[in-house]
Amino acid sequence: MNETAHRLRTAAPALALGIVALLGLGFQLQLPRAFPSDADYRAVAGALATARAPGDVVLLHPWWTERARLFVPADLPVVGYLGDTRDDLLSHPRIWVLANERLPRTPDADFRRNFLPDRTPAGPAQQFGPLTLTPYRNGRARRVVLSAIDVLDRLEVSVEGSGGAPAQPCRRNGARVQCPFDASVEVAWHEVLYQPVRCLFLVPPGGGRTVTLRLPEAPAADALLLEAGITWEHAWLPGRADVQLQLESPAGNLHLRIPGAHEGLVHGETPAVAAGPWTLRITTANPQDRQVCIRLRALGGPP
Amino acid sequence: MSRAPTVVDRRIALGLGLATFVVLWATERQVGFVRDESVYFAAAEQFSRWWSLLFHRPAAALSDPVITQAFDFNHEHPMLMKSLFGWSHALFHQTLGLVRPAAGFRLPAFAVAALIPALLHLWGSALWSRRAGLFAALSFFVVPRQFFHAHLSAFDMPVAAMWLLVAYLFWRAAEDVRLSPWTGVAFGLALATKHNAFFLPVVLLPFGVLGSWRVAGDVGRRVLVRMGQTAVAFLGYLALLLVVKGRTELVQSWQPLSPQTFGVVALVAGLTVLSAQLHHRDRAAFVRIAPLVAMGLIGPVVFFVHWPWLWYHPVDRLAWYFDFHATHVHYAWTYFNEVLRAPPFPLAYVFVVTALTLPVSLLLPMTAGLLRSSARSLGDLVPALARRFGRGGETEWLLLVNALFSILLISHPEVPHFGGVKHWLPSMPFLALLAGREFDRASDGLSSALRLTARRSTAASILLGGLVLLPAFTLTVHVHPYGTSAYGELAGGIPGAASLGLQRQFWSNNVTGVLPWIDANSRPGAHLWLHEVNGLSFRDYQRNDMLRKDVFPAGGPEDADLAAVQYHQEFREQEVQVWQAFGTWVPSTGLYIDETPQVVVYRRSAP
Numbered sequence: 110m111n112e113t114a115h116r117l118r119t120a121a122p123a124l125a126l127g128i129v130a131l132l133g134l135g136f137q138l139q140l141p142r143a144f145p146s147d148a149d150y151r152a153v154a155g156a157l158a159t160a161r162a163p164g165d166v167v168l169l170h171p172w173w174t175e176r177a178r179l180f181v182p183a184d185l186p187v188v189g190y191l192g193d194t195r196d197d198l199l200s201h202p203r204i205w206v207l208a209n210e211r212l213p214r215t216p217d218a219d220f221r222r223n224f225l226p227d228r229t230p231a232g233p234a235q236q237f238g239p240l241t242l243t244p245y246r247n248g249r250a251r252r253v254v255l256s257a258i259d260v261l262d263r264l265e266v267s268v269e270g271s272g273g274a275p276a277q278p279c280r281r282n283g284a285r286v287q288c289p290f291d292a293s294v295e296v297a298w299h300e301v302l303y304q305p306v307r308c309l310f311l312v313p314p315g316g317g318r319t320v321t322l323r324l325p326e327a328p329a330a331d332a333l334l335l336e337a338g339i340t341w342e343h344a345w346l347p348g349r350a351d352v353q354l355q356l357e358s359p360a361g362n363l364h365l366r367i368p369g370a371h372e373g374l375v376h377g378e379t380p381a382v383a384a385g386p387w388t389l390r391i392t393t394a395n396p397q398d399r400q401v402c403i404r405l406r407a408l409g410g411p412p
Numbered sequence: 003m004s005r006a007p008t009v010v011d012r013r014i015a016l017g018l019g020l021a022t023f024v025v026l027w028a029t030e031r032q033v034g035f036v037r038d039e040s041v042y043f044a045a046a047e048q049f050s051r052w053w054s055l056l057f058h059r060p061a062a063a064l065s066d067p068v069i070t071q072a073f074d075f076n077h078e079h080p081m082l083m084k085s086l087f088g089w090s091h092a093l094f095h096q097t098l099g100l101v102r103p104a105a106g107f108r109l110p111a112f113a114v115a116a117l118i119p120a121l122l123h124l125w126g127s128a129l130w131s132r133r134a135g136l137f138a139a140l141s142f143f144v145v146p147r148q149f150f151h152a153h154l155s156a157f158d159m160p161v162a163a164m165w166l167l168v169a170y171l172f173w174r175a176a177e178d179v180r181l182s183p184w185t186g187v188a189f190g191l192a193l194a195t196k197h198n199a200f201f202l203p204v205v206l207l208p209f210g211v212l213g214s215w216r217v218a219g220d221v222g223r224r225v226l227v228r229m230g231q232t233a234v235a236f237l238g239y240l241a242l243l244l245v246v247k248g249r250t251e252l253v254q255s256w257q258p259l260s261p262q263t264f265g266v267v268a269l270v271a272g273l274t275v276l277s278a279q280l281h282h283r284d285r286a287a288f289v290r291i292a293p294l295v296a297m298g299l300i301g302p303v304v305f306f307v308h309w310p311w312l313w314y315h316p317v318d319r320l321a322w323y324f325d326f327h328a329t330h331v332h333y334a335w336t337y338f339n340e341v342l343r344a345p346p347f348p349l350a351y352v353f354v355v356t357a358l359t360l361p362v363s364l365l366l367p368m369t370a371g372l373l374r375s376s377a378r379s380l381g382d383l384v385p386a387l388a389r390r391f392g393r394g395g396e397t398e399w400l401l402l403v404n405a406l407f408s409i410l411l412i413s414h415p416e417v418p419h420f421g422g423v424k425h426w427l428p429s430m431p432f433l434a435l436l437a438g439r440e441f442d443r444a445s446d447g448l449s450s451a452l453r454l455t456a457r458r459s460t461a462a463s464i465l466l467g468g469l470v471l472l473p474a475f476t477l478t479v480h481v482h483p484y485g486t487s488a489y490g491e492l493a494g495g496i497p498g499a500a501s502l503g504l505q506r507q508f509w510s511n512n513v514t515g516v517l518p519w520i521d522a523n524s525r526p527g528a529h530l531w532l533h534e535v536n537g538l539s540f541r542d543y544q545r546n547d548m549l550r551k552d553v554f555p556a557g558g559p560e561d562a563d564l565a566a567v568q569y570h571q572e573f574r575e576q577e578v579q580v581w582q583a584f585g586t587w588v589p590s591t592g593l594y595i596d597e598t599p600q601v602v603v604y605r606r607s608a609p
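Protein chains in written order, with our numbering: chain A, 110 to 412; chain B, 3 to 609.
One or more hints might be untrue.
As the list claims (entries may be wrong) - Under 8 Å between C-beta atoms, here's a sample of chain A residues computed to sit facing chain B: (1) 119; (2) 127; (3) 129; (4) 130; (5) 140; (6) 191; (7) 340.
Unchecked claim - One-sided excerpt, in silico: chain B residues whose CB lies under 8 Å from chain A: (8) 339; (9) 440; (10) 503; (11) 587.
Please keep in mind that the hints were generated in silico from the structure rather than gathered at the bench. Here a beta-carbon is modelled for each residue, glycine too, at the ideal position from N, C-alpha and C.
Build out the structure end to end from the sequences listed, making use of the hints.
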């Protein structure tokens, strides 16, 4: 017995090396089973094309599995960015979760913690190779009565001086509204803390001036949701100025501040609002690296 | 036991070196041009033109303005490797036409990288056994990232090779004083390769001084004390000058006849005289310190002579060189879903990234080797550890310190953390060496437990070695030529690392994965935006026939017909800008390694 134990102990380092090597090999051999084929993705695309409805969206899990974009129908939005499980996706009543849980270290805990609350399966899960396609009813969805990005052509845009100087109107130049003091507004895709956002992209004016966006007629809504964030890598830069946003509407005033080094969107919501004008004022003491992505939406109840 | 290798081991080392060179050459064609590499290609071509001028019109070539013009480009790094790249390109591509342009530049990098397995075998076989040496040598280049970096006309793998060479010669010279001058030459070449080498004296000084002190008699120790006093006096003098003049003035007022020059000359002269005294009075003590003396005397000379840019303005240009690296910009780097952009960086970063990028079958013996080495070294100080693990001695300490030094240096929270593992590559050969010992012990134990005959023991070692190296080998084959994307099993491979939120790739070379599609799908005259690929690399892809010559570089998505976006967490905005410019979020194709997006290609929608 002692002899056997001694021999085992002597051979233990070799056994450990061999076992770890076999585990490593095993991992590498089984890993390809987690990879969907093109045919799997095409089958997913086929299923989506058949079952899709207006307002649907596809959410990738894990978030980085963006090869799916090659196959999903081109007009069906695909969401996949770091932190997307926290996205309310409020304009989408149904979310198709395209998951690959065979991939190593899939962040399931994050998915359960941040995505699942307020979401319930809206149908059976379908399996396509390692991919699982599951429709969810989005309990966080709201009816979007109006979005500012859809009414850029109706916005009255001007720049106001800080000392009560008269407002100077901006002029339209193609799809962009060009303002004095190098300010501008346009509708564009931009990134805010890894999230692609289609928004009012505002380059603020210098000298502490204020850009004013005014919508003369807006419908009544349950709430106005204002979100804003600094685009790309400029957000984190130290020593940059705050951005102040002031929304005036029949529901009253809503003030938001994007602090100097804040990454991501800040947001605020008004109570129910009657029909009437909206006025949004944006000011920063120094416009350097303060390009702002703004979403302003009038929300109704659940769709 | 002699530190000199046997004839057989020399031949094995030569074979390992040659095999490494051939394998690197045979696999280089697929490897893209990392951002820095095309800069070094351009610099190498420029410098080789200067060498040609030196040959034909030496007086003109040696003038200050011509030297400045020729060497000002990319003077962030010294000249040794770039000169070799340029000469090799001129000979093997331009003159003989034997290889494509990129291979012409890269051949010297392969040759220098090939030193590593050769030296690992020489050292491992002398220390422990041929089996240990062979395992150490073979294990080094089956690590995917190390295999990748060995292909590049860059300096990270060369300086790892030079570091190993200096440490090995330093170790050998303690036994054979004839190797001391070669240690000095190797140190000079290391300085001429990359600035990491300036830390070599910090690592080796204690070994030389303590080794010499230990064997010195009373007379020898008195000389050693005087040598120390001379060095301290120089440092004191330098500190005084700094206080009096300030840093800027100290540099600007440094002339051939100046207090600064006096200090350096006095130091060199003093140490030379004292070394001669030591040689005369205590031969044994001199032998141990001779490699350091050679490093001090020969190294700086080699460094200065090899770099014409320093010849007319040594002080201010050296000061700029050190300043540049001491205040290097921090590039964004993703680590567990956080984009690191500025210090302080996480203390464990280097250890964690090393563990997650190494194949686990090599990580285990490396870690065990490092722990054993630590325990044995500390056994010199703690008897309880010595009873359990044995005493380390000088060589054990030397291996341990070299294995840890670069890792600990880069671990400092204020040191730039970009670049994957390449900045602490000089540690990796030593970890491979320690892994070699662990493998040797394991094989020995296996043979002993199974009571194998010598022949069967050899067969068992080969089987075990093959088994341990196989996962690393398959990983390397699988990921080649996309080495900056490689992650080991502990990370969950490349997809696991993506979910963990680790840096997906860097240096832009993965674009080679989509160039064939672009070649097949772009019209003549198309404008192509290769995100993160600099203009020189774009040119290099075209002149190496990896990209059609009738497509043109675009400055951004706005003026491009096709865009290839590199996936970096910090560059998400640029992909979104492509959506905006092209009117689509649907890619046309991409490089997806194990499902992870690496390079995503978009084509502008038809108007």
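Any hints this thing doesn't respect? Which numbers, in order? Those not satisfied: there are none.
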